[in-house]
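Keeping their order, the protein sequence lines are chains A and B. When you number the first sequence by our numbering, it's gap-free, plus one each residue, and the end is 269. When you number the second sequence by our numbering, it's gap-free, plus one each residue, and the end is 260.
Possibly wrong hints are sitting among the right ones.
Stated by the list, open to error - Quick partial rundown of chain A residues pointing at chain B, CB under 10 Å, derived from the structure: (1) Tyr118; (2) Asn223; (3) Arg235; (4) Ala253; (5) Ser254.
Stated by the list, open to error - Lysine-lysine pairs mimicking DSS-like chemistry, simulated, CA-CA at most 25 Å apart: (6) A:Lys155 - B:Lys221; (7) A:Lys90 - A:Lys170; (8) B:Lys221 - A:Lys152.
Stated by the list, open to error - Derived Cβ-Cβ restraints for the label pairs, each shown as a range: (9) A:Lys90 - B:Glu49: 40 to 48 Å; (10) B:Arg46 - A:Ala82: 23 to 31 Å; (11) A:Met224 - B:Ala218: 49 to 57 Å; (12) A:Ser11 - B:Ala215: 27 to 35 Å; (13) B:Ala111 - A:Pro199: 28 to 36 Å; (14) B:Gly146 - A:Asn223: 20 to 28 Å; (15) A:Ala82 - B:Arg129: 55 to 63 Å; (16) B:Ala75 - A:Pro171: 41 to 49 Å; (17) A:Met224 - B:Ser180: 28 to 36 Å; (18) A:Gly173 - B:Ser13: 56 to 64 Å; (19) B:Gln192 - A:Glu126: 46 to 54 Å.
If you're looking for bench data, these hints aren't it; they were derived computationally from the structure. Don't be surprised by glycine CBs; every beta carbon is placed ideally from N, CA and C.
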Amino acid sequence: MDLSRFSLEGRTAIITGGTGGIGLGTAKAMALAGANIAIAGVPPEQLPGAVAEVKALGVDAIGIKCDVSNKAEVADMVAQTAKHFGRIDILANVAGGSYSRNPYTGEFKRYPLLEVSEEDFMGAFEVNVKGTMLCAQAVVPHMRKVRKGAIINIGSSSGLDSKPAGAIYAAYGTAKAAVHRLTVYMAYEWAPQVRVNCIAPGLVDTPRPAGESRPNMVDGASRLPVGRVGVPDDIASLAVFLASDASSFITGDLIPATGGDR
Amino acid sequence: MGSGPFDLSGRVALVTGASSGIGLGIALALARGGADVALAARRPEPLAAAAAQVEAVGVRALAVEADVLDAQSVERMVAQVLTWAGRIDILVNNVGGSQGPSFKRGALAELTGADVDGAFAYNVRSVFEVSRAVAPHMREAGRGVILNIGSTGARDVRKPAAPYSVYDAAKAAVISLSRSMAFEWGPQVRVNTLVPGATLTDRLRARGPEALEAYAKTLVLQRFATPEDIGAAAVYLASDAALSVTAATIDINGGE
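With the hints as extra help, turn the sequences into a complete structure.
Take a look at the structure:
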């Protein structure tokens, strides 16, 4: 058996939003594939536990407090990673969410369009679109130094050309559609050294921030061809594929990991 | 890396059109992933050579002469693979092409109804015949993956162009059929479509090194896909790493 093209041995990956859910799952999956990991996220109290989980898999890992919508913090995240590991090969832009403001730092709420304030509408774009952009912009010079890099953005089934999931997802779904398109522009601008792809997860069963209700997973599963909702590993293993040389001819793609839903 | 999520050890794959090019690339990649592979094609000599290459990877390989447009031949092929391995976990419907013995490609004004029928039989009915023969076994086993092959011209990322208009229409039908299969045969069977970009096979190499170099320079990644690139995506989709991916269309086109 030779699955060496799927290996991430010797690579360094930054995972934003890496303290829990899809982010932590991606960090662990990439560690299992051999990569060293920088976990970036908020709140800072959750970083040591996440770092310990990744280190237990036998790779080096560091934790960095980073609000991805803050350019200075993003610059610091990238500088710390480059200093500690000497290289940056992979960026997984997992930080994001369907809330108008960061649930860890601000009020947690989603709104239908007729009720959403200007500030809360734009809030959906802060982390999901601007955060993805700022992190990618900051790592590309490092990737070009090693002549190769892979950026994985996280979109959403709510940003696909499907029937909208519900009014409260309007700002989020619109922002994620922007992430899908941003991926294509990044892929073209940064080729051939840097590949950029986007995963669109559907309903994924992750721990939710305090105050957010858990979606109905049984109803969710019943409408999916695969008969179950997603787990973080589903997204994480696709991220490993997209980070590895196994996908070296794939760039600018949007891959739905939705269980067949649109 | 040990037995990670991409490991196909213990799985059995059937690849149609497996003698050369992308089909052989996929067969070899699945073998490197640990799967035993049955290779199907019409012509016996190249098929035997391809099966020997797959066997050299260190897995079991079976060469099956079959015509995927002949329902009886398809039944015999599936029975032969089941006798050999007892199961089919992965089916790759790689047979297809823009021209064949019974149909030509060209500008729409130059084609006849027979050319359209020929293109749809070769690209769409072939997928239908083999899939419906294999899927019941997958559903009974509770697990299976079907991979079909689309074309870049069937995606909205590229302008359709002669002489591939009818071929691309047939491949668009394959993409649609794949989604329907995913919904009808889930949750046991996952069905996805791979869409290769310009891939370095003998057909492309026939253009000569200078023309190839000039062509490569026009591409976003400044190179062609290799059959291995398409194979690696097939390994991902066939593996448990892709348990949440079905009814999807994956472009392996270097951003074109």
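Tell me if the interface restraint on serine 254 (chain A) is satisfied: Cβ within less than 10 Å of some Cβ in chain B. holds, 7 Å
Does 46 to 54 Å hold as the CB distance between glutamine 192 (chain B) and glutamate 126 (chain A), or does it fail? holds, 47 Å
Outcome for the supplied range 55 to 63 Å, where the beta carbon pair is alanine 82 (chain A) and arginine 129 (chain B): holds, 57 Å
Mind checking the CB of alanine 253 (chain A) against every CB in chain B and telling me if the closest is under 10 Å? holds, 4 Å
Is the interface hint satisfied for tyrosine 118 (chain A)? The criterion is a beta-carbon contact with chain B at less than 10 Å. violated, 29 Å
Is the gap between the beta carbons of glycine 173 (chain A) and serine 13 (chain B) within 56 to 64 Å? violated, 42 Å
Please verify whether lysine 221 (chain B) and lysine 152 (chain A) have alpha carbons no more than 25 Å apart. holds, 22 Å
In this structure, is the beta-carbon distance linking arginine 46 (chain B) and alanine 82 (chain A) contained in 23 to 31 Å? Roughly 60 Å apart at Cβ, these two residues miss the hinted range, so it is violated.
Can you let me know if the beta-carbon spacing of serine 11 (chain A) and alanine 215 (chain B) is within 27 to 35 Å? holds, 32 Å
Quick check on the hint: asparagine 223 (chain A) CB to chain B CB, less than 10 Å? At about 18 Å, which exceeds the 10 Å cut-off, the nearest Cβ of chain B leaves the hint on asparagine 223 (chain A) violated.
Distance restraint hint 28 to 36 Å, applied to the beta-carbon atoms of methionine 224 (chain A) and serine 180 (chain B): holds, 29 Å
Can the hint on arginine 235 (chain A) be confirmed by a CB-to-CB distance to chain B that is less than 10 Å? holds, 7 Å
Consistency with the previously given hints fails for numbers 1, 2, 7, 9, 10, 18, ordered from lowest to highest.
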